[in-house]
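The task is simple: from the sequences and hints, build the whole structure.
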Amino acid sequence: MKFSCTQENLHQGLSVVSHIANKNINLPILSNVLIKCDTAGLKLLTTNLEIAINCVVRGKVEAAGEFTVPSKLFSDYVALLPKDRVDVSLEGNSLVISCGTYKTTLHGVPASEFPLIPTIDRKQRIAVSVSELKKAIGQVLFAVAPNESRPEISGVMMRFMPTSGGLRIVLAGTDSYRLAEKVVAADTTHSTSITESVSVIVPSRTVAELIRILGVFKDEASGPSQLEIFIGDNQIMFAFNNTEIVSRTIEGKYPDYRQLIPDRFETEVVVEKEELLRAVRTTSLFSRTGLNDVHLTFRPDQPIHLSSRNNQTGEHAVDLEGVVNGKNNEVTVNFRYFQDGIANIESGGVTLQLIDGMSPCVIRPVSDGKDGDYLYIVMPIRQ
51 MKFSCTQENL HQGLSVVSHI ANKNINLPIL SNVLIKCDTA GLKLLTTNLE IAINCVVRGK
111 VEAAGEFTVP SKLFSDYVAL LPKDRVDVSL EGNSLVISCG TYKTTLHGVP ASEFPLIPTI
171 DRKQRIAVSV SELKKAIGQV LFAVAPNESR PEISGVMMRF MPTSGGLRIV LAGTDSYRLA
231 EKVVAADTTH STSITESVSV IVPSRTVAEL IRILGVFKDE ASGPSQLEIF IGDNQIMFAF
291 NNTEIVSRTI EGKYPDYRQL IPDRFETEVV VEKEELLRAV RTTSLFSRTG LNDVHLTFRP
351 DQPIHLSSRN NQTGEHAVDL EGVVNGKNNE VTVNFRYFQD GIANIESGGV TLQLIDGMSP
411 CVIRPVSDGK DGDYLYIVMP IRQ
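Just so you know, we're using the working numbering here: the sequence shown kicks off at 51 and counts up by one.
Treat the hints as calculated values from the structure; they're not laboratory data.
Heads up, a few of these hints could be off.
Taking lysine-lysine pairs in the DSS-like style, the calculated list, with each CA pair at most 30 angstroms apart, reads [said to hold, decoys possible]:
| # | residue 1 | residue 2 |
| --- | --- | --- |
| 1 | K173 | K303 |
| 2 | K303 | K185 |
| 3 | K303 | K268 |
| 4 | K122 | K73 |
| 5 | K110 | K268 |
| 6 | K110 | K122 |
| 7 | K133 | K52 |
| 8 | K377 | K184 |
| 9 | K173 | K185 |
| 10 | K268 | K184 |
| 11 | K73 | K133 |
| 12 | K133 | K153 |
| 13 | K122 | K268 |
| 14 | K268 | K185 |
| 15 | K153 | K52 |
| 16 | K323 | K185 |
| 17 | K303 | K377 |
| 18 | K73 | K52 |
| 19 | K323 | K184 |
| 20 | K153 | K73 |
| 21 | K184 | K122 |
| 22 | K323 | K73 |
| 23 | K268 | K133 |
| 24 | K133 | K122 |
| 25 | K122 | K52 |
| 26 | K153 | K110 |
| 27 | K184 | K73 |
| 28 | K133 | K173 |
| 29 | K173 | K268 |
| 30 | K122 | K153 |
| 31 | K173 | K184 |
| 32 | K52 | K110 |
Structure follows, in structure tokens:
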């Protein structure tokens, strides 16, 4: 095996794949990166058995072959090299790396010990804007359950849904106390036809890794503008810029959260987003430790009233201008969950909808074309 490429290209490729190559006592080979040279070019591959990443690096292959070396060490070393041509060749069980006056020998393990990288059927393809998908993921990922005691809510639900207006991608995240949903439009022109809705639950680690890798290309004029998604049996793949991320999906049925959204509301409130956030944050300073409670009172033709009381530190109240339609109402919420949803709304205005203090509070943007397809639900604190 022998190849050459620029330090910048090799460093970027290793930045893409190395993050998931962690130390594993039972399978030490998982901390290695597989370097593969063939007629298709130079490839770098890593896996942690849940996620596999394949990145094609621009370079010149002089002799085919494959080998594995410790991913972190290789990545750290290449990052420190000057921005010059890097020549790499396999000699026995070692890589010989040269760059200008720098030369090193890196011991490794034969590729035969590396796990098989999963493949996926590419018949079902969904294309979507990278910027739209990144924004949508950011608006739902924070709400995903942080542990795997309930596997079905430990990931982001992605539903690919044909509609009269084209193919839509619904993303949702929940921890059972709050839920975030965002809908984005797929690029129908570059997607295969889907006649029925398809849903998968993607592990939160996979989604976070996707966002991280997209960030590697963020400063490039040639960075990806579109991403392709392929769905297989218990697998999903994201492909862009000569990079492929294949992940297992989570088995189980995602909660039917739509049944939590009432058909009607007794009270609807419209308020300026930043003013509401400021009011919630100041009121939260006097919430009860562990409960994080903030009380909101709504009266038509009156200011919105926020209050909190802590027997040890004191109490606080603030009136906020807004428009209240419907009946008198009040609700107590966990301020952390409440402000998380509001902060992820891009529009300048927020709409709050509720039936009573015992029912979910629905939060939506006042649509200005930015994120009209965003929905956030927070469960009340029942006292």
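Consistency of the hints with the structure:
1. K173 with K303: holds (24 angstroms)
2. K303 with K185: holds (25 angstroms)
3. K303 with K268: Not OK: K303 and K268 at ~35 angstroms, beyond 30 angstroms, violated.
4. K122 with K73: Holds: K122 and K73 sit about 10 angstroms apart, inside 30 angstroms.
5. K110 with K268: Distance of about 25 angstroms is within 30 angstroms: holds.
6. K110 with K122: holds (23 angstroms)
7. K133 with K52: holds (20 angstroms)
8. K377 with K184: Status violated; Cα separation ~38 angstroms.
9. K173 with K185: Distance ~27 angstroms between K173 and K185 Cα, so the pair holds.
10. K268 with K184: holds (11 angstroms)
11. K73 with K133: With Cα atoms ~29 angstroms apart, K73 and K133 stay inside 30 angstroms; holds.
12. K133 with K153: holds (14 angstroms)
13. K122 with K268: holds (22 angstroms)
14. K268 with K185: With a Cα-Cα distance of about 14 angstroms, the restraint between K268 and K185 holds, given a limit of 30 angstroms.
15. K153 with K52: OK: K153 and K52 at ~15 angstroms, within 30 angstroms.
16. K323 with K185: holds (18 angstroms)
17. K303 with K377: violated (37 angstroms)
18. K73 with K52: holds (27 angstroms)
19. K323 with K184: holds (22 angstroms)
20. K153 with K73: Distance of about 26 angstroms is within 30 angstroms: holds.
21. K184 with K122: holds (27 angstroms)
22. K323 with K73: With a Cα-Cα distance of about 44 angstroms, the restraint between K323 and K73 is violated, given a limit of 30 angstroms.
23. K268 with K133: holds (20 angstroms)
24. K133 with K122: The hint holds at about 19 angstroms.
25. K122 with K52: holds (21 angstroms)
26. K153 with K110: Satisfied, since the Cα-Cα distance of roughly 19 angstroms is no more than 30 angstroms.
27. K184 with K73: holds (29 angstroms)
28. K133 with K173: violated (40 angstroms)
29. K173 with K268: holds (29 angstroms)
30. K122 with K153: holds (18 angstroms)
31. K173 with K184: Since the Cα atoms of K173 and K184 sit roughly 24 angstroms apart, the hinted pair holds (cutoff 30 angstroms).
32. K52 with K110: holds (9 angstroms)
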